[in-house]
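Here are the chains, one letter per residue:
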Amino acid sequence: MGGNIDINKYDRLFLTKLLRDMLLIRRFEEKSAQMYGLQKIGGFCHLYIGQEAVATGSIAALDLTRDYVLTAYRDHGHALACGMNPNEIMAELFGRITGTSRGKGGSMHLFDAKKHMYGGNGIVGGHIPVASGVAFKIKYNKETGVVLCFFGDGAIHQGAFHESLNLAKIWNLPIIYICENNQYGMGTSFHRVSSVSDFSIMGSSYGIPGRQVDGMNVLEVYQEVKGVADLARSTGSPSFLEIKTYRYKGHSMSDPGKYRTKEELEAYRQQDPILIFKTALENTAILTEEEYVEMDKECKDISEAAARFAEESEEPASETLYQDILA
Amino acid sequence: MAVITYREALRQAIDEEMARDERVFLIGEEVAEYNGAYKVSQGLLDKYGAARVVDTPITEEGFTGLGIGAAMAGLRPIVEWMTFNFSLMAYDQVVNNAAKMRYMSGGQLSIPIVIRGPNGPAEYLGAQHSQALQSIYAHIPGLKVIAPATPYDAKGLLKTAIRDDNPVLFLEGEMMYAWKGEVPEEEYLIPLGQAEIKRKGKDITLVTYSKPLKLVQEAARELEAMGVDAEIVDLRSIRPLDEETVYNSVKKTNRCIVIDESWPFASVGSHVAWLISRNCFDLLDAPVELIASEDVPMPYNHKLELEAQPSIKKIVDAVKNALYL
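Residue numbers (my numbering), protein chains in the order written: chain A, 1 to 327; chain B, 328 to 652.
Since the hints were made in silico from the structure, they are not lab data.
Worth double-checking, as some hints may not be accurate.
Under the rule of at most 25 Å between Cα atoms (straight-line distance), these lysine-lysine pairs were calculated in the PhoX-like manner [to be verified]:
{"id": "1", "chain 1": "B", "residue 1": "Lys527", "chain 2": "B", "residue 2": "Lys578"}
{"id": "2", "chain 1": "B", "residue 1": "Lys579", "chain 2": "B", "residue 2": "Lys641"}
{"id": "3", "chain 1": "B", "residue 1": "Lys374", "chain 2": "B", "residue 2": "Lys527"}
{"id": "4", "chain 1": "B", "residue 1": "Lys541", "chain 2": "A", "residue 2": "Lys142"}
{"id": "5", "chain 1": "B", "residue 1": "Lys374", "chain 2": "A", "residue 2": "Lys139"}
Keep in mind the model is a prediction, meaning the values are calculated, not measured.
Throw the hints in and build the complete structure from the sequences for me.
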């Protein structure tokens, strides 16, 4: 664990839940990959494997009765971290009527209005102004919530990002823009397409403070996000975080990942956020190996049950084609 | 009944709906301190304050997307585009977010947003500022597209649009803002999806909407002097479209001209003309004609500009053709 993280100031239940939440994402994503291979899931499927600490640590800092989450198409991890039902998420990936969007959305468009998970968006950067609007609502109504807006290194050069930060600053919107820099926008290393490599400074063009965060360290993510969320709650100020992470799989299921070296991938596998945190908990006697195995089995069972639920669910009826367009 | 301008009718609609529902707010370039680029929002900043009448930087994609997010989260924004020509910067937000969030979420979310502003040619403004862009919005399921041409219609339809829980594109016109008409003192609403017969007639149906209405009304007066009794159908609502009123008129007259100031290729007018041709085939005594703008970017020179657009002469000539006169 990093120098400024004191694991001992957190209670055991909180810590083990963080680990369990990351593990659930990992096992769920592995199950999704398997189901995709069996052609139960079609189209684009963007796995969150390797990035679990970012969604888990960030969303653990929120109170979803008053806070909101928006993200892009690599959204399965955020959906699970928001407490969405794994059965319903998998059913949505399978396109069944029991899915979170009644089969209308698919992998890139997971939503749960009640849990304030406002998607899930397939257009790179397209959700960033929308997230700013949710923060506008919070300010307009004088509420105390904050918005977490996640996007990747591929999105940070879209005009929508820049316009949004400017608006958030001039209107003092309670939003935290989180760039999950997994270092590749599809097949393109961010170094090749970025005029500056330290994204955390990009907020400064708009007077918005930014920090780089180690996205493989779930407690560091939690602390950083909690800090800027508290700031947003108390002062309404927007913040920007560049959370450095890595995806162990390709951009999507159809990407063999030829643009990365085996050595690089192996080096990052040594920094698996789940193994790092597991080790830290074992070292401080918060968790035993047996408890971990039990936790892992539970997560695998949940993922297996989700696949079974999805498989046994009905397809949407043809009449639903014209439903849910207009209110 | 009071006679007020189209501009004043819009202002009253916005004012009344902002007074009625605290969730309604107005956002756009120059809407607050400048009182509106076309003065539609005159006085609203003084009345409602800067939290509810919000001046934006010039960032259509940003503030339109922000409006969409605010609507998703429960507010009822009125986004003003200084003209629909600038809306192209925000087209992704409207098409990929506003029109689709409800569907992609399986009905969990709704987007109660009105996006309004002038659309279509004014005068002398050149190619980038003179486009009638209704077809690129009318094409998209998940949107509503409304185009009033009178103060009465403008007020009643805008109030309804603001109360509608869906994204509504509301098309005005720089040159219509000064048009005058009677508007009742009492509150009234006009439902979306209802066309109106603006002139009853029996010889030929003229289908139009938005700014060309006035031109069509003048053409009808000329035709009357020639002994031709034209019926004018003002669509008012493009999506949803009131097909029934249009077909009932064609059933009566057996001939139809559609007048639409946008370009002819894949326009609202060409689509409506096809619908009539297909659904009234056995009732028609002549082919349905479309009077559109010439298929050119709008020139600056004013003579050319007028030649590029629908005109009374083009309409009258088309009517004569349809009547085999």
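Evaluated hints:
At roughly 13 Å between alpha-carbon atoms, B:Lys527 and B:Lys578 fall within 25 Å of each other, so this suggested pair holds. Proposed proximity of B:Lys579 and B:Lys641 is supported: the alpha carbons are some 23 Å apart, at most 25 Å. With a CA separation close to 42 Å, the supplied pair B:Lys374 and B:Lys527 exceeds the 25 Å bound. For the hint linking B:Lys541 to A:Lys142, the alpha-carbon distance of about 46 Å lies beyond 25 Å, and the restraint is violated.
This hinted pair checks out: B:Lys374 and A:Lys139 have alpha carbons roughly 20 Å apart, not beyond 25 Å.
Comparing the model with each earlier hint shows violations of hints 3 and 4; every other hint is respected.
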